[in-house]
Every structure is written in structure tokens, then in C-alpha cells.
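Add chains B, C and D to chain A, keeping to what the hints say.
In the order they appear, the protein sequences are chains A, B, C and D.
Sequential numbering of the first sequence, starting at 1, is according to full-length UniProt numbering.
Sequential numbering of the second sequence, starting at 1, is according to full-length UniProt numbering.
Sequential numbering of the third sequence, starting at 1, is according to full-length UniProt numbering.
Sequential numbering of the fourth sequence, starting at 1, is according to full-length UniProt numbering.
Check before you lean on any hint, since a few could be wrong.
All copies of an identical chain are treated as equivalent in the list; a pair is satisfied when it fits inside any one copy or across any two copies.
[Stated by the list, open to error] List time: in silico DSSO-like cross-link candidates among lysine-lysine, alpha-carbon distance up to 30 Å:
| hint | residue 1 | residue 2 |
| --- | --- | --- |
| 1 | K355 | K275 |
| 2 | K93 | K355 |
| 3 | K257 | K93 |
| 4 | K275 | K257 |
| 5 | K29 | K243 |
| 6 | K243 | K257 |
| 7 | K29 | K93 |
| 8 | K29 | K4 |
| 9 | K243 | K4 |
| 10 | K257 | K29 |
| 11 | K93 | K243 |
Quick caveat, the hints were computed from the structure, so don't treat them as lab data.
Single-letter residue listing:
Protein chains: 4
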Amino acid sequence: MTRKYDAIIVGGGVIGSSIAYHMAARGLKVALLERERLGGQASSAAAGMLGAQAEISEPGPLFELSRRSRSLFPELAIRLRELSGIDIGLERKGLLRVATTEQEMNSLLHTIEFQRGAGEQADWLSGNEVRRLEPGLSPDILGAMLAEGDGHVLAPELSLAFAKAAAVLGADIREYSEVQSLVLEQGAVSGVRTRDGTLYGERVVMAAGTWSGPLLAQAGLACPIYPVQGECFSVLSHAPLVKATIFGHGCYLVPKKGGRLIVGATMNEHSYDRKVTAGGIGGLLAAAIRLLPGIAAAEWESAWSGLRPQTADGLPFIGGHQDLLHVYVAAGHYRNGILLSPITGQLAADWAEGKAAEGDYLEAFRLDRPLPKTERVNQDEFAH
Amino acid sequence: MTRKYDAIIVGGGVIGSSIAYHMAARGLKVALLERERLGGQASSAAAGMLGAQAEISEPGPLFELSRRSRSLFPELAIRLRELSGIDIGLERKGLLRVATTEQEMNSLLHTIEFQRGAGEQADWLSGNEVRRLEPGLSPDILGAMLAEGDGHVLAPELSLAFAKAAAVLGADIREYSEVQSLVLEQGAVSGVRTRDGTLYGERVVMAAGTWSGPLLAQAGLACPIYPVQGECFSVLSHAPLVKATIFGHGCYLVPKKGGRLIVGATMNEHSYDRKVTAGGIGGLLAAAIRLLPGIAAAEWESAWSGLRPQTADGLPFIGGHQDLLHVYVAAGHYRNGILLSPITGQLAADWAEGKAAEGDYLEAFRLDRPLPKTERVNQDEFAH
Amino acid sequence: MTRKYDAIIVGGGVIGSSIAYHMAARGLKVALLERERLGGQASSAAAGMLGAQAEISEPGPLFELSRRSRSLFPELAIRLRELSGIDIGLERKGLLRVATTEQEMNSLLHTIEFQRGAGEQADWLSGNEVRRLEPGLSPDILGAMLAEGDGHVLAPELSLAFAKAAAVLGADIREYSEVQSLVLEQGAVSGVRTRDGTLYGERVVMAAGTWSGPLLAQAGLACPIYPVQGECFSVLSHAPLVKATIFGHGCYLVPKKGGRLIVGATMNEHSYDRKVTAGGIGGLLAAAIRLLPGIAAAEWESAWSGLRPQTADGLPFIGGHQDLLHVYVAAGHYRNGILLSPITGQLAADWAEGKAAEGDYLEAFRLDRPLPKTERVNQDEFAH
Amino acid sequence: MTRKYDAIIVGGGVIGSSIAYHMAARGLKVALLERERLGGQASSAAAGMLGAQAEISEPGPLFELSRRSRSLFPELAIRLRELSGIDIGLERKGLLRVATTEQEMNSLLHTIEFQRGAGEQADWLSGNEVRRLEPGLSPDILGAMLAEGDGHVLAPELSLAFAKAAAVLGADIREYSEVQSLVLEQGAVSGVRTRDGTLYGERVVMAAGTWSGPLLAQAGLACPIYPVQGECFSVLSHAPLVKATIFGHGCYLVPKKGGRLIVGATMNEHSYDRKVTAGGIGGLLAAAIRLLPGIAAAEWESAWSGLRPQTADGLPFIGGHQDLLHVYVAAGHYRNGILLSPITGQLAADWAEGKAAEGDYLEAFRLDRPLPKTERVNQDEFAH
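Isolated chain A, as found in the complex (with noise of 0.2 Å):
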């Protein structure tokens, strides 16, 4: 139990997973420790939408990091099928933002126009054109941002893949170990404490999503994060009923192998209670039905719900600490874990290594950033 690791990573969804990956494949020794199962909360309850453009509708740092994220996938994939034999489902078929009002498509006018001037594909499409790309999609669609670039992948299988790659590049996997607490020595962290006994490593990475704040508070470092509950229901058809993924009015849609089709999410804030609602589940199906009447026919397949990890400016926290040594913390990606994972774990890694981030636009996830004092839902103003 007192074996000595380069870095013991404290979480085992997407984001620990992806650090463990990284770490394994430059040859560091690490452990991964998870208080249940692998990919057990959010990670396996996101659906997966790679929405770089879609989900951020305004320049800045989250939208420097998304999309350089967003390019690490298709690389990404391959290796871990490689490695793992898990496919992680990749599709890059695009992603539509459909207005049904003015407000809205002037709203989506404006972000096509930032994101040209990033750099970035997206175009308008009229109501006409939406319909002729997906002929399923409701008369009242005034029209849509198109962006070709974002995608989505299967979240429980990325989330998967990371670490059973990392087990097979010789990462430590353990679940069922709850960490209790981090070992201070002389103003660094040296380990953890876990119910089972105490483990060493010359670093911690906190990756445990809403769990790491109480954790990290324990030893005086303020990062909080709040959970915001999120319900979504599947269903099922032989064809598909959308190509692209839809991201409309109190609903989207993502489409999955086989004919699957993900539809979210309801926004809970602080409810750490996992339990799907009737209510939020009627509330999706109503505004699917208003968006895709055809899904009505389609067969129910199930319910689920996860808890995204907030925090009160909406970015994540990334980085080492300032104070303490030999700890880092990545949490708090909220919607964005699928999508940030690859580079967040780049970034650890990195950090392991002992390189410098690149990057300036990096600044923005410091621990010891200031914080508003009303903490806001990083929400878009029309799609929920």
C-alpha cells in the first residue's frame, strides 16, 4: 500500500481517465483511483456532443481550448482502438443550431460571424435548406447555424478507453478506493489516504468532478464546484432519424450507432440527487416531439441522468497550485468533459513532465483566478 507512483490521479471518469492515458503513454507510472466503477457518474451520462462551435457562442479562452481539443480526436480515436479495442464512435457529420424565432437566429447570426473570424467554418442555413438536410425536422425551423466541424463521440466509451489504454500501457486502475484525504508534507501533497491505506507519489492529480472540491478543501484550497443535474432518455429506430446532430429549443438531439438517438438535457443546479424525474423526462419528450415529430413512432429504449460539475464562472479548473506542491487539479468542465478531455489530460501531462503550458489563453483555468460571487450556469441563452 505504500508503493510510490509518478502521479496518483483521484478520479476515474473522463477526465482522470484521459490523464492516466497521457501519463502512461510518456512513460510515467500512475495509479487511478476510483471510489466505485470507471466512468460511473458523468462521464457515462454525457452525450457526447463534440460542440466546440455550438456550445460556446462567444470568443475567449473555453473557445480556444474546445477547438483545439475538438482536433485531437481524430488521432485520438485510432490510437485508443488500438490500444483498447474500443471503439470511441467518432463522427464528424456536423452539428445544426436551429432558431425558431428572430431573436434567436439573430443571436445564431452573430456567433457564425465570431466564429468566421476565428477561423472556423459555419454558415446559415435557411428553414428550407435545414429540411433538405433533415427532412425529418419540424416546419417551424426558421433556420440554423451549421458547423461541420463539431461532431460527438460515445462517451462511456471514451471514458472507457482512456483507461483501459492507460491499464494496458501499465497504469495502476484500482476501483472501489475512496480517497479520504490528501498527505501534506512541508507544503506539498506526497499522497492520498483511502479506506484501504495510504498511497505515495511524487504528484496528485484531483480529477474527481464535484467530489474533488470537499477534497481539496480538506487541505485549505479553494475550488469550488457545484453539480448541475442533467436528465436525457434514448430511443431507438433501424434508420436514423437525424444524420446531423440538432441542437434546438429545450431539447437536442445526438445520433448514435445503430439508429440510436440521445436526447438532453434537462439543467438542475445544485441537486447532487441522481434520480431521473417524470417530469423532466415529459419535458424532453415534449420538446423533442415540437423539434423531430417522427421521434414520436421511434421506441423508447431508457432514462439516466449525471451531475456536471459547475463552477461559478463557468470555465474548469486546470492547473497546478500555486501554494501547494505536487498538485493539480482539472474539474469543473461542466458540459464540456467529452470534449475537454483530450487536452486536459495533454495538459496534466505535460505539467508532470515538468513543461511550461503553452498558451496564454491557459490563464483562465488558474486555480487562483478570482471568482464571481453569483455563480451563473454557463447556459445559452436560447437552446434550454
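What follows is chains B, C and D alone, placed relative to chain A:
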């Protein structure tokens, strides 16, 4: 494979299992053949209402059969618990059939009158009286018929308890045993051919729901039965949301053990498709929230469906065949299979023992009765 | 979040749920906090044996506590069924503890003697007598102790029934509510801090199994509890394979409703890992087939495991704390949690009402008793 | 219900789905009818071995058919992923067929000789060479045949991918559609009668595994197929326990994505019962632990079974009928259904297009070939 039974029963749903139980309890040597798993079809999809009064709004043979069958449950529950260990969850906390329009109110007042005339308790409650009993119900409710004698059981448990109690009493239960045809000898049935081989018996009972028709047709017997698919879902809460069974507009609510509430049911005629549709669930959810607004906060559990076996005049086929000897049919119970299973089992066992059926009303269920050309759903005018 | 309760109970397993039920039944206003789902851990993994005589081979306080608790079940079963609708599956068809060696036989004869001395029924049956009762058992069995008073319940149902009955009686049940620390004020506990906020109460009861230790340790209280993982599996047959509970060499067999048979259990000390291993199942299967050869033809159902909370002297901690006021501990019940849940609930409710505990034997469960340095498993010499 | 198809395919397993895919890819209008769910029977129970060399120890038509079909997988995997989004998990990491006795060794050396003569790679590895490749394997292994060309796919995914790709290409997929008889007109088949109604088509393909025989028998065609039940289980580990597929004494091991390992399979002839037995699992577990001791520590996942469709001479029926026009049979693929599905689909599509089948070896699969009186299991002398 050529062992000789007193009776071979085709169909391991609630009807066939009840018949196996009642025959085994009288010392007969029976085989119960089920092509898949016991209770795997309509029987375990049912909400388990014992709605002798709530489901039937006019006098007649179905009402007679229903209330006689209902009266058998209390003793049956005790006996099945003793033999099989299974509690069938009998609850007799009454049933409220609510009205939200004057038309529905008048129709219910008419039903109350007929039931009182038949010697059953049935009362009209005002909207306020209804909400005093069930505070969670909608303020839109004008009033309700209260039938204190109606109740419910756990449908899957009842079906299994019959079969397992029969096994304890010596019945030979065979799952994955698919009957392909009846063995006919000199104007009588003497066995069944399954995929595994042929079984011989003194009598054969057809209790295979919608599967009964084609098997009988092969033997030249016309017992036309068609499916009406019903979709349901369930929610969970710690304390029950309602105490009584509630029969409303577009849905009914049946409170089960441990705070579970079953909401049913759609009616899709002539569909053999057992898939639950998103639209079906959406419609039920909306109706349930209108009837009982607090259900929106309850935990979503799951959705399922079953195929109810319906006939052209809405009455089951129960009886021996007039031309072909040694064959008995018990099928087409539609929405009343759970309620009618005890008396159907008794009647079939009486037949096997050579006892004459008592009661003129039983004539209505004869196999050779004239059937209307146009099929009908035995459906109440306003409940769905 | 600052509502004041008469008692806050931490842990929604069978012990915490029983305490909530007993307190609510006496009119106290209680909150039951569970970090995941009710009964999700050891309580629903248990086989539900009420082995007051079979599990305990020597006189002492655990025997006293066990037989008193066992006597509470018949009335409890009725009351819980009324309140929650849940049948706890109480069966009192006796327990056979079999011997296959002379040494085991002598040990059992010794146990029989002690139990008779204590006023309990216990008989020695020869091998032939055993097989007359249970014809399926192995011819290798030399004989068995028959304890007619022992029996079993459905463990998951008992745990849920306590909680749901408590909810009906007004208890506030909170799932996904993870307690992070106790609120201490002037030498007394006045509440708990959860991830959602702080709850205040007159009293706090710690009933969180293996999770209790670390929470208490934060408050400076030593109640060391360690896990012993147990793996089980179940099979199905139409008619039951055995009538009595069978306690044999390397496994035990507990017959459940509908022909289900639970086979348990391995004992892996100090493992927090809840994974079922292939080797664990292989060993249990081999032992079960030796004991009851006909089980080989039964249908495989599923396998699972749970973590039993064990203490250094094999006795649970039950009692208020001598130094810190208003806190009560009920944890460490090891393999006897189901059996001891009724009396533990009663004792905690007595404490909350200020009643003095009756019985000197209760001293043995005090929190400040001296504990041996070397941990032991409270394990019979030959059963496992 | 009277729509006319180019072809109606009966049976939604891997064979029927492959035929639907291949026909739809050639522009034919097809209906695929499945009585329950797609891939719900043997196809999703298979371990997915592509054992063209490992399963077949002598030259002949089955070997020819197998290696031709195996060569189709790489391109197929890419095409199915594009169309359906489903990765069929093709792995070609070789297959080791191990020997633990001299007799087995000699038999394998004979097989190697024949396969080399046929132009396939096949090598003998000593025990030490085997353990260098797969360090976890038992020290009792004397040596093994290594067939590098063999591999495996995910059987449920392959079956679904065929059907879903067919749907994308326009095929009409109908689940819960049970065919009751063929429509015969003037010596030709012109459609099928289902429970819902009659469908007409230019051609009918029977691909319903063990269900094919009775349907064909109704039309006077003898294609006797009988079931051989196979039980399997799976375990999980983070890093894979073996890299190659291992074919041993009493079991085989097939490593799947993410550290999953499938262990198969028992062979229970003439059983239509799909229940997994405790004894079947116990035997497989013991064999697997002997072959790969480290499996004992792996996590138990689940057990299942399927019915493999076998014929009297161990060869499938593939071909049009000589007397009855417009009907094609593709059934009885026994343990090779996954492996043979691509070529069977091609052959059926060739037939539908009126192309003559190439290759004399195909004569061996004709429907009117003489069959031995005594049935045999196409079983290797020592593998099971």
C-alpha cells in the same frame, strides 16, 4: 416425450398458470407448456387492477364473471403465499373513477346505479371529497365513483405464484417448449406436438392468449383473437402518491408496494409489436401529470408494454369445444386477464373433472357464440 | 437545509432504516440520510438468514441479542406489510447445519447442548434423517443440527420495507445525501454536514456500516470497523430444491420464494472491492454441487457481493457515546445485520426516548469496550 | 400488408441480416422479418470466433467456404462502420489451439500439415513458446497450433450492423413479425403469412436457424435442423488476460474490447431450453481456471446461452430449392454462423440476381444432398 398427462396446458401466462394450479390442486397430473418464459408476455405487463366495478359499466355476463372472480382473491393470496412463498400483493383500498366533465359524471352516476342494483357498493364523491381522500389529485376533478371492493394485485407475482404453486403440487412446468400443432385422433384432441417431441394427454387446454387463435385454426377451430398493445410506465416515491387506484382521463394510476406507482395504458389495436414508443410514453406522462401534478417530481423507473388478447365482442372464450372433444379454450381475456384468472382456473378444473359449469351467464363465453363482424375494443367511453 | 429533527440517522441500510422506522413509529421526527440508494450495499447483498442458533455456537451476549431480535420478526412482518405493502418473506422452516466429518459432528453436538441449556430447541439428526427431510442433499452428510426456530427473510425487501414504512410514518428519506462530517458543539453532536448543506437535529445516529468508522474518527471517536467482502449467487427451479436453510461445508443454501435458491458466501477480509470474482463463484459452485448435487441442473440467475462490516472482537457497536453527547452508534453487525436489525432499531429508539437499556448483556456492545489487537473473523470453524 | 418485395427474408439473426444487407447493397427491395428482436437468439450469444482454421481440422467444402468468408471481413468491417456507425470489433491477433496430451499434439500436427498444404499459415509452438506469447497460460500446455489468420468479431454487433446497414440502404426491417407459413402458388413460393397479414415477394429466403425446419416442413421441404445449446460466460479485467484467442480443453477464451474475456461453450444437443445451468457454468469455470489460472481473480460479468442450429452431416443448408421455385435456404450454420455470414449473404444475393454460384464445393451445401441417418455434432475430438 410420450408421457401421458391428465391435462396439457398450452401457455404459461396468468390464465394457463391458474389452470395448472387449480388442476394440480385437485390432484390432476398436468403439464404446463410455455414457448418462452413463464409470464413473459401480457401477464407480467399488466398493472394488476381488480376492476370488477371500475372496468365494467353495464350489467351482463362479464360483470358476473368478474365479481365472482374478484371474490376469490383473499383466500387465494394466502394459499399461494403458503405454497410458493410469493406474496401476490393483494390490496383492497378501493378504486376511484374520476370525472372531469359533466358527461363523464353522468355516465358514472349511471354506472353507480346499475352496480347498486346488482348489490355492489358504489358511491359518488364530490370533487372535494375526492381530494380529501387523495390530496394530490388535480383540482379539475368534478367528482368520482368510489368502488371500495376493487383493488389490485402484483400481476407478474400472481402469474408466477400460480405456476410455482402448481410445480410444488406436482405440475410439470416446461419453458421454451413451443407447441406447433394439436394431435387430433377421431374427432378428439389427444396431445400436442412441440419442437422437442409429442406429448399426450387426456385433455388439452389452450391458454396462449393471442397465440391461441392460429393454433386452434390449424385444427379447424375458429376462436379469433387479436392483439391490443398497451404501454405502461412506473415511477417511485418514498411515501405513496395515492392510496386508492385512480382511473382517469387518458390514464390510470395503480399504487404498488414500496411507493411504486404504475401508470397505464395506451391501446394500439392489431399491433403485435411490443416496442414502447416515445410518443406513447409522452402521452401517458402528460395525462398523468394533469391527473396528479405531484407525479412530475417522482422518480422515473421504467416503461414496458404487453399485448392484450381481444375478441370481436369483447368477451373471452372460456369453454370446451362442441365438435372437437377433449379440448378447452381459455383465451381472449383482454384487459381482464389478471382479474379473471382465478375463476377461469376453477372453470377449467371443473371441466377436467367432468363437472357441469354452473350459471347461465357462462353461455356468453362459449366458443361457438355468434361474433359481430366489426371488431370492437371493450373500451370505456371516456377513460382513454 | 437547517430544519431541526429529533434524530438524524446516517446510513440507509437495514440498520439505519430499522432505526428510522422504530423512531418514526414512536412519533419522532427523523431524517434518514443515504449517500447512494437505500439498501444499496451490504443489506441487499445478504441472504437474509435468521440464524440465531446456526450462526452462533457459544453462549454470550451476541446469542442473547440474536434470539431476542429473532423473536421480533413475526409481528414486524405483519406491520411492515401493512404500512409499506412489502412482504419481507419471513419463512420459519428451520435450519440444518450439516456435518460431514466426526469433528464437525462433535462440534455441533456441543452447540446443541449449549442451546438446549439456554432453552432453545436444537436436535441432532442422523444422515438418513437429514435426507428424509431433504432428499436432495449429498449422501456424504453424517448428520445435522436442526434448529427449527431459525429461518430467513428477503434481505433487500426488509431493508426497503423499514425505510418505506418510516416514510409513511413521516420520516424524511434523503438519498444521494452524503454526510461529510458531524457538527460538534460543546461536547455534543448537533447535526451533520452533507454535500448539500447542514442538517441539525437533537441526536445523530451513525448506522453507515464500514463508512461509520471514518466519520466517527473525524470526531475523535474510535469505532474501528473493517470490511469482509462476501460473494453470493442464486439459481432458480420451479419446485424448491430444499425446504430448510442448509448450512454446509464451504457454502450455505437459503431457499427463497418461487424456487429461488441463494448460495453464499465467500469471505475476503479487508477488501473494499465489491467485484465478484470468477474464482469466488467457481469455489461456491463446487461446494454447492457437493452439498446438493441436483443444483447443477438448476438455472443460473446471477452473482453479487457485499461488504460486511466487521469489528475486532466480532461484536457490533451499539450504544450512545460516553464522552460525546447526543450521538449513537449502530454499526459493525457483520453477518448478522439482517437478524439484528429489529432489536437494534428498538434499542436506538429507546435511547432517543431516554429509556435506559435493559439487560446487562448489552454492555458487551458498548463503544468504549476494550478491543483485541488482533482482528478476528467471527467465523465458525468448519462452515467456510 | 400486400406490398411486393424483391425478396422477403425470414429470420433477423446474423445470417438473415447479412442477406438483407447484401441484397439491399445491390439495390434490391427487401423485407427482413424477425419474430422477436434482431439478433436475439444464437447470433448474439456467440463468442464471434473467426476460426476458419481452428474449428476445422480436415479439408473439404466447409474449410473452403470458411476461409473465403473470413477473407471478406476486413472490407466489411469498414463498410458496416460507415453505414451503421457500428464497429464490429474485428481483431486478427491469431488463435492458439493448445494441446495438453500427446494425442492432441499429434492431431494438431496433422491439422497444421493439411492447412499448409491448402496454402494457409499454421505453425506449431512448443509449450515455452506458447507461454512466451501468453504468459498467463497454464504450465501444463505441451504446445499449440498458431493460426495467425484467425481472429474474432463482436457477434451481437456484427448481427445488428448488418441489419442496421440494410435499413440505411432501404431495407424494411420488421421485428415482432412471426411468419406462420409460406404462400405457395403453382410450385413456387410467392410470399409469407405472418400474424399481421400476408407479404408478397419475388423470392423468399429462409434464414431462421432452428426455426427454419418446421416452416419448410409445412411446405413439404425437408431441411432437418436441430439445436445444440451452448452456454458461455464473461469476465472483466483492466488489462487483457490474453491477447490471442485460446482454444483449449473443455473451453475456449476469446478476448474482447476493454479487457472483457468470453469463455465458451458447453454443448447440449437437442435442447431448445435456453436456460443457463449452474452445472454448465461450474464446468466451464473449472476448465477456464485450469487453462488460465489468473482468470480466478478476474471480475465475473454474466452468463448466457444460445441454440446453435446443427444438421445431420454438420454442414449448413445453403441454396435454392430444386423443386419449389423462388425459395432459398440459408440455415444450419451451427458454430460457424458468424464466420460464414458474409459469404452466405453474398451467395444469397447472387442467387437473387440470377447469378450462377461459382465453385463445385458449394454442391456440398445443397438442400437435396443425402444426409446420414445418425446425427453428429461437428465437434473436434478434444476441444470439448
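Which constraints among the numbered hints does this structure fail? Numbers only, ascending.
Hint check: 1 and 2 fail, others pass.
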